[in-house]
Amino acid sequence: MTALGGTHYGARAFKVPIPGIGQEVGLDERDPDGALSEIETRIQQARAENEPKTEQNYSSAGVAFRIGVDLISGVAFGVVVGLALDSWLDTTPWMMILLILLGTAAGIRNVIRTAALETERQNRQNKQRDNR
Amino acid sequence: MAQNPLDQFKINRIVEIQAGGIDASFTNSAAWMVVALVVISAFMIMGMRQKSLVPGRWQSMVEMSYELVANMIKDTAGSEAQRYFPFIFSLFTFILACNLLGMIPYSFTVTSHIAVTFAMSAFVFIGVTIIGFARHGLGYTKLFAPEGASPILLVILIPIEIISYFIRPISLSVRLFANMMAGHTMLKVFAGFVISLGMAGIVPLAFMVALTGLEVIVAILQAYIFSILACIYLNDAIHLH
Chain A
0 MTALGGTHYG ARAFKVPIPG IGQEVGLDER DPDGALSEIE TRIQQARAEN
50 EPKTEQNYSS AGVAFRIGVD LISGVAFGVV VGLALDSWLD TTPWMMILLI
100 LLGTAAGIRN VIRTAALETE RQNRQNKQRD NR
Chain B
0 MAQNPLDQFK INRIVEIQAG GIDASFTNSA AWMVVALVVI SAFMIMGMRQ
50 KSLVPGRWQS MVEMSYELVA NMIKDTAGSE AQRYFPFIFS LFTFILACNL
100 LGMIPYSFTV TSHIAVTFAM SAFVFIGVTI IGFARHGLGY TKLFAPEGAS
150 PILLVILIPI EIISYFIRPI SLSVRLFANM MAGHTMLKVF AGFVISLGMA
200 GIVPLAFMVA LTGLEVIVAI LQAYIFSILA CIYLNDAIHL H
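Going down the list, the protein sequences come from chains A and B.
Position 78 of the first sequence, counted from 1, bears residue number 77 in numbering that gives the first Met the number 0, the numbering being contiguous throughout.
Position 14 of the second sequence, counted from 1, bears residue number 13 in numbering that gives the first Met the number 0, the numbering being contiguous throughout.
None of these hints come from the bench; they were simulated from the model.
Built from N, CA and C at the ideal position, the CB exists for glycine as well.
Accuracy of the hints is not assured; some may be wrong.
[Said to hold, decoys possible] In silico contact screen, one side only, chain B against chain A (beta carbon under 8 Å); selected entries: (1) L153; (2) V154; (3) I157; (4) P158; (5) S163; (6) S170; (7) V173; (8) R174; (9) Y223; (10) I231.
Please model the entire structure based on the sequences and the hints provided.
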């Protein structure tokens, strides 16, 4: 083989004979009907379809698990701290009522914050995927 | 054989230790924590023993767990939070190991006790608060006052924001403990049905097989959620959102 001469390096430098034509061509020229480039786009499509979906499903499940407890723990915090304050200050049941309301609001606040963070993260992820 | 589904959560003293009036006995819970530490150390040290450029199966598992946590920190708390990587990584691997070891029959699930999970979440809470005050000084209290709110609304909003800050460690610990305890209790209850139903017990048995798979997912997911929430709180402390 005389292919490895001159300034040709890399894929172009390795010439392979194609049977039937009797002539040497470089590796990247050996693709008459574009079959190689077609399969490449198909591989990329398949990858794009599979990867982000599975990832998103699992993190969505994570968010779903998070939100339920966030909501309940606000109310529970209100009841426990309210009862404790009531027995300390002798104001039954007013502190408990006040703190249940505040605790519920705080629980909902945490849920909204989680949802907003998740939306932001997904937007960022979508943007990254579009750039790719 | 334990008949009560809640018997699996009982703490037994293995070695009695009394230190100055405090019961510091070595219990089955402590024993399983030690097992978790041994398993994690073995996984990490043995996996990285070869340090080859092209990793083998074991080494790539270690590298994957490293990359998972590193990406999680970078995505949720930014690159400034990378210095807290050792803490988040220990948290993640410890909870994951405890949860998964709890899936072995006759083992003890350390994370099914709120004393354990609350200790971890209180540590995260106190640590994050200290980091916040160290980085921003008194400006960290701006976290409790949403920007652009009118002064009248602030009277209501500030207590709500303060309470929502304080319920974080509670929901963090309750989530992990409740998920582990509920799952394991459910498995035990269904296991009881298998024997009492006789031949028809094959139905709850099939259900238990599916449930065991679900429990493994929950074990991994809960470890992930605990550490990602620690990252989110860290993000608040570093960037003041």
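Evaluation of the provided hints:
Checking B:L153 against chain A: minimum C-beta separation of about 14 Å lies over 8 Å; hint violated. The criterion of a C-beta within 8 Å of any C-beta in chain A is not met by B:V154, whose closest approach is roughly 12 Å, and the hint is violated. The beta carbon of B:I157 comes no nearer than 11 Å to any beta carbon in chain A, farther than 8 Å, and the hint placing it at the interface is violated. The beta carbon of B:P158 comes within 5 Å of a beta carbon in chain A, closer than 8 Å, and the hint placing it at the interface holds.
Among the interface hints, the one on B:S163 holds; its C-beta lies about 4 Å from the nearest C-beta in chain A, closer than the 8 Å criterion. Because the beta carbon of B:S170 sits about 4 Å from the nearest beta carbon in chain A, less than 8 Å, this interface hint is met. For B:V173, the interface hint holds, since its Cβ comes within 8 Å of a Cβ in chain A; the closest pair sits about 6 Å apart. Annotation: B:R174 was flagged as interfacial toward chain A, and the flag holds, the nearest CB pair being 4 Å apart, inside 8 Å.
At a threshold of 8 Å, the smallest CB-CB gap from B:Y223 to chain A is about 6 Å, leaving the interface hint in force. Against a cut-off of 8 Å between C-beta atoms, the interface hint on B:I231 holds, since the closest Cβ of chain A lies about 7 Å away.
When the structure is compared with the earlier hints, violations turn up for hints 1, 2, 3 and for no others.
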